[in-house]
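Student: All chains, full assembly: derive it from the sequences and hints.
There are 4 protein chains.
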Amino acid sequence: MAENALIVGAGKGLSASLARRLAREGMNVALAARNIEKLADLAQETNARRYACDASDASSVTKLFEGVEADVGVPDLVVCNVANRYRGPIDELDPAQVRRSYEITALSAFLVAQRAAKSMLRSGHGSIFFTGATASVKALPHSVPFSMPKFAVRGLAQALARELAPRNIHVAHFIIDGGIATSWKTPGEAGPADKWLDPDAIADTYLQIHRQHRSAWTWEIELRPWTESF
Amino acid sequence: MAENALIVGAGKGLSASLARRLAREGMNVALAARNIEKLADLAQETNARRYACDASDASSVTKLFEGVEADVGVPDLVVCNVANRYRGPIDELDPAQVRRSYEITALSAFLVAQRAAKSMLRSGHGSIFFTGATASVKALPHSVPFSMPKFAVRGLAQALARELAPRNIHVAHFIIDGGIATSWKTPGEAGPADKWLDPDAIADTYLQIHRQHRSAWTWEIELRPWTESF
Amino acid sequence: MAENALIVGAGKGLSASLARRLAREGMNVALAARNIEKLADLAQETNARRYACDASDASSVTKLFEGVEADVGVPDLVVCNVANRYRGPIDELDPAQVRRSYEITALSAFLVAQRAAKSMLRSGHGSIFFTGATASVKALPHSVPFSMPKFAVRGLAQALARELAPRNIHVAHFIIDGGIATSWKTPGEAGPADKWLDPDAIADTYLQIHRQHRSAWTWEIELRPWTESF
Amino acid sequence: MAENALIVGAGKGLSASLARRLAREGMNVALAARNIEKLADLAQETNARRYACDASDASSVTKLFEGVEADVGVPDLVVCNVANRYRGPIDELDPAQVRRSYEITALSAFLVAQRAAKSMLRSGHGSIFFTGATASVKALPHSVPFSMPKFAVRGLAQALARELAPRNIHVAHFIIDGGIATSWKTPGEAGPADKWLDPDAIADTYLQIHRQHRSAWTWEIELRPWTESF
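Order-wise, the sequence lines are chains A, B, C and D. Going by numbering that gives the first Met the number 0, the first sequence opens with residue 0, and the numbers climb by one from there. Going by numbering that gives the first Met the number 0, the second sequence opens with residue 0, and the numbers climb by one from there. Going by numbering that gives the first Met the number 0, the third sequence opens with residue 0, and the numbers climb by one from there. Going by numbering that gives the first Met the number 0, the fourth sequence opens with residue 0, and the numbers climb by one from there.
Hint data in this document are derived by calculation from the structure and do not stem from the laboratory. Careful, some of the hints might be misleading.
Which copy is meant is left open, so a pair is good if it fits within one copy or across any two.
[Unchecked claim] Under the rule of at most 30 Å between Cα atoms (straight-line distance), these lysine-lysine pairs were calculated in the DSSO-like manner: (1) K194 x K137; (2) K117 x K194; (3) K137 x K11; (4) K194 x K62.
Tutor: Rendered as structure tokens:
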């Protein structure tokens, strides 16, 4: 039977590549975003269902999972891609925006992961993946409102990896250490210059980590272009 | 002239030891907490001023710094000790409490650090210290609501260390990797069994890091009992 | 044209799984070990060439690569699996064995990597993989003679990843964080209980990392069983 | 009774600052180096004994400790400063020099630490400190022969910290993350520009870590100038 995949925070770039890659594997793909208008073409191309969802709102996340589970069943793979990139020098930051940045990036990840875990604990298996960034492990100047929630999501992923692995749920955190080539690619289109991360290449690794045998699971993996100093 | 120290999230244990240690160095000590009734004895003993403050509220933090600066001047050292210890299995957590835990532990640290940085950037120097825990770097099962903000505070501290060091502000993150002996000690009282972290010993290290020459600053240091496996 | 893979430190367990997995991909496999008698069956099964080599001896490593390059060409993938597991309390260790442990585990890795890099810098591409262990990142009591070279190999891998990635050579370090199920499996045989790392599963990940697009390379990945606390 | 300190790999810079700082604390200082001619002035200034020792040679290290113990007693603090800085691109490195670099930097640290541990396990207490570098945790291009032993020494320090702390021996690893101002300073001389690490400031931190109460020990601490990006 086909697996079900849910991508939260879907947009162009990585999410689109993931949707295509998972659909090509025969998975039923569900796409969730605040604005699902922009996902029309991708949904058609990947035969995916779209769900409007504000992932920073608990009831919206509950409704999302109820919808997905009614339509296709419990997800076997949930990818959490939601993030906000607010930045600035410490003395110029707006506390309200710092709080909002936490809600969009970290609270969302928690809400999605919790709801996914509840369903997967019932179904007995599944993968919960988080998309991280350089700022997940290296907090640079002027990155306070971005690094704080990204560090928090890594803490979430690590705690859940330890908590859920013995219950047959594979939690993984992907550190995307570099810029993603973000042109919306149509299938067959020539790839981006490979000094940026090709989202199709990232998607390949997400799939491989999802396919790992549980005797040899990875909880964290970093990806960067061959040209990137680190 | 005497230095000014502000301890936010003051209570028994580490904060009390810090207050005593810094007062003994001749510093003017200010203690901030939501409930300042409990600080009466400590304030008298250390000749400290007390300030009622909800550190997760931006206007309360602003009022705190205005008070301290009017009373004794810009702090030379600010220690952020605020933390909430909500824990539980992922499927039993209350999202509202997870959010509140983030506000108490991480948003507070941001608000205090931002306000401290603004004043210190004007005064041209200062130290901003954060008290971390094992969960700042190692997220264990059932620790999601504690590890998320603790990881976030570490990201805050690391970003600020990089951002503010070249502006002569020393930001440091202390990983307290073990339980603190928390009996409220009166001066001269016999120490706790040293399998727990003696808060007086922790306070010594805080002071030493504050005293470091800026050509050899530390941004992170971990402390654990000699008996603690890690 | 078929790729060439060289596995140094070949034996049962992971090396055998790798040889089978790479041969199944159509690669020409070369196996190097001090004692190649024990590799007879594996070589026959995987159609691999065997090379006697003491990897801690520079001239022996040179001879190995000359042989492989004459027989099949420059390797596209070199896996360095050599390790010695000498352990003991600090006050009982024999300095001569500590030195020997370093030579077998770390100096060997350097010699193999250097020789591989020289050839790959000429051929213009390739992958150099190192098999690490828990002790590569976490040095436990009584592990001095094992952790020292394992940490050193990680330093080697990290330096080379930074140095060689921009020259189109993919260097990766695999942290095998748990025990490997080591029964010599015949093809089709039922797998080991999955509380131990299945070497076939590890081999899958090595192949996937080798196949990564260079715009999204990984330099380090850890693998552990779903049941392993970490 | 005065404490005894032994500095192995003594020279100008950090070792000289340490010798002065520890002597000022009233400690008996012993200085060990391959060439002790250059230590004449420092020895006179700090009232230190000098010992000729090749720390990469086990019998020479044994003789060193026998001498120190006969002259002043078991050291309470041993600082291992020995290091070699051989570097180069991977394809230009001389294997013999790579091996020698390991012996000078890592084998020496092991031999000194083992001998120190044996004596301290008998005396029941002591501190064993290792001087690390950026390369102890971050291996940069062309640093293979330096990063390998520096990573190894960190593994040694971490294993020993875990192994010896419960036996009342404090093992610590200092990451000196930046250049040290190395002019041989006479007491009272004006300090170096503080964009380089002032060795006197580093020495202060070594002493403070040695003085830590065992309920709150640090096993690793990094030091860098306020101006250093990291």
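Student: For K194 and K137, with the copy left unspecified, which applies at a CA distance of at most 30 Å: within, between, both, or neither?
Tutor: This pair counts as both: shortest intra-copy Cα distance 21 Å, inter-copy 23 Å.
Student: Tell me, please, which holds for K117 and K194 at an alpha-carbon limit of 30 Å: within, between, both or neither?
Tutor: Classified as between: cross-chain Cα gap 24 Å, same-chain 40 Å, threshold 30 Å.
Student: Could you figure out if K194 and K62 sit no more than 30 Å apart (CA to CA) within one copy, between two copies, both or neither?
Tutor: Neither, since 40 Å and 37 Å both go past 30 Å.
Student: For K137 and K11, with the copy left unspecified, which applies at a CA distance of at most 30 Å: within, between, both, or neither?
Tutor: Classified as within; 25 Å inside a copy, 33 Å across copies.
In this structure, the one hint that does not hold is number 4.
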